[in-house]
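Read off the chains here:
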Amino acid sequence: MLRVPPVQLLVTCLVDALVPGVGEAVVEVLERRGLDVAFPEAQTCCGQPAFNAGLSAEAARMAAHTVTVLDATEGPIVVPSGSCTAFLVHHAPELLAGEPEAEAAQRVAGRLRELSLFLSDDLAEDVGMEAVESVRVAWHPSCHGLRELGITDEPHRLLAGVEGVERVEIAGADECCGFGGLFSVEMPEISAAILRAKLDAIEASGAEVIAGGDVSCLLHIGGGLRKRGSAVRVCHLAELLAGRAEGW
Amino acid sequence: MVSEPRSRVTQRVPTAPVDPKTTPVTFLGRAKLDLGSDKVAAVEDGARRLYRHRAEAVAEYPAMEEMRARARAGRMSALRNLDRLLARFADQVEATGGKVWWAGDAAEANAIVTRIAADAGAGLVAKSKSMVTEETELNHALEAAGIEVVETDLGEFIVQLGNDRPSHLIAPVLHTTRYDVARLFADRLGVAYTDVPEELNDIARTHLRRVFLSADVGVSGVNIGIADTGTVILVTNEGNGRFVTSAPRVHIAMMGMERLVETVDEAAAVLEVLARSGTGQRLSVYTTMLTGPRRPGDPDGPDELHVVILDNGRSRVLGSNVAEVLACIRCGACLNVCPVYRRVGGHSYGSVYGGPVGAVLTPALEGPEQWADLPYASTLCGACREVCPVGIDLPGLLLASRANTALRGGLEPGLRRAVRAYAAVAARPRAWGLALAAAGQTARLLPGKGWIESLPWYGSAWTDSRHLPRPAARSFRQRWKERRSGA
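These protein sequences, in sequence, are chains A and B.
Heads up: the first sequence runs through residues 1 to 248, numbered per the working numbering.
Heads up: the second sequence runs through residues 1 to 487, numbered per the working numbering.
Worth flagging that the hints you see were computed from the coordinates, not collected in a lab.
For clarity, every value in this text was computed on a predicted model and none was experimentally measured.
All C-beta atoms, glycine included, are put in the ideal place defined by N, C-alpha and C.
Just so you know, nobody snuck in bad clues.
Stretch-level coverage of chain B by chain A, calculated; a stretch enters the list once three of its residues show a Cβ under 8 Å from a Cβ in chain A: (1) 25-38; (2) 383-392; (3) 411-423; (4) 462-470.
Extracted from the complex, chain A is given alone in its bound form (with noise of 0.2 Å):
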């Protein structure tokens, strides 16, 4: 028989120190579709962080560490944001053109799979959605993956597919939340005032959930959401889809 290489979970800084249940409804939906899923437990953080900061140099050390860990794995290479996987194909190449990690850089760059893409697109086979308690769900359509991955209609499909979600659109919601890493530390009063437009438009839409491919926006909306008072929750795309709507 023909050994499939397993998908290599890359989980991302945020998802391991926060909010771990996203792995592991990652890991669930990737197992009911069959796939063997590995975890490369020396990942840490892939210095997307330190790039934005301006500091290359650090950036380029945890980058080439990210790189030198799954480089040495086979298959694709799964990661539940579009942030990271950005900033892994799109600019650690970049960054560390010269460096001893430069092709492992390249080719870990094609085996980077967003979740989303990764279900949509790289596996033929339809293999149906838990169902969960009949819920309003919006999606947000983080920047980097919308702008830097081009994600657009495959979440939604994606959502289609679950019984018992009911869409509703947020307006305005290709609109940066605000959040911008490093953004909302250094200028919280400026980040504050964008993500209030996009927390009134979230609470005009209806929506009892807010569901994402990213974390780190998803963290921002939802603290905004607690501050406020709002009933409203957040959740991961893998949680919906691992039958999991109750948010957080």
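Once you have looked at the hints, place chain B on chain A.
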């Protein structure tokens, strides 16, 4: 007989000097003055309106993507061959009867214009809207030389009258409402108060008509210069640009040295995308193409045409890692779509160039010392790149600018140390695992459950508006290990 000193066409208060004690030196400091103000609400309304107009114009123009590619190719090729194109442009301007002046910096450019105006015996200079003369602060220089200067673009006229500053590349008074303008006109022009837009327009028109007819010198900027023909193109909507460049005896056009394209076809491609991206028009109301001064037999036009070509840091930018920013055609689309610009307005950027393009251009032109934090004034959402008519990778340039300024004051020292410490841990998987475990343990000791509701001190700026996620008691990797060892 003693002649009366020439009466000023416009009564103006002297410009207040910038006081470093009261003007915040950081982007965030300036932004906080304007956050949530009516002024910024007007900016956001205006920016969204311009953005909608752009979207409609692009939607009804199937060739947009092709034209964007052609405009980009023309601009990028001009930057690669700028020395050759500048020489050809200068030759062609002179061959058609114009005079070319080279200015290394703002002071030189202003001195050249002032001298030409003085030689022409000018008491009054009429100006059409020009960002490059805002950059050099030409008006101050002319006034210091005793020459009166009047802005004839309605927006710039309002800015000048109010001793204000432009807040947008193409819509200088985006931060102003018609009621502000009504009060200003009543105060400064001695007219009865009206806030009816058409009446305000008429007041400005009547006032400015006298300026056009009596100005000795007209000063304009340049939207596009064509190297092949020595043509200067001006893009305006009010017709004032045409007045300024044809009625006065002398026309001075000041041009940033990067404004060139090589061919007429390339200029046409830029025109196809410029107005659509800026205001959503297919073409601006007036597109003025000037090649040389008035020729014998011409019904109108200036006797003299002077083109002042300004460097002011541009050669340095051309050799830097952000050279692509010089391809900008100043349409303002990246400002209109930017979530940061929409919330803080143009004045927060501190220089005449605001928004994402300004956040790259200003530190590149003027050096990072004073402007190191500007590249950080972005969420890197990428909406700017999506709308740029010449496809400038603005997020990429913002990142490159951050790398240029991070260690020169761009990154706050505390944050720098934090990111470095994080990077050091992330490069060691064992340390990383231990740090996650420690964070999980510590989080259990914090009060409450779930999200962290408030942080003291610096952290409060975050928790004032959002709760903070609490590190999980057990990280994904711990749970993964337990699951595998149990299986």
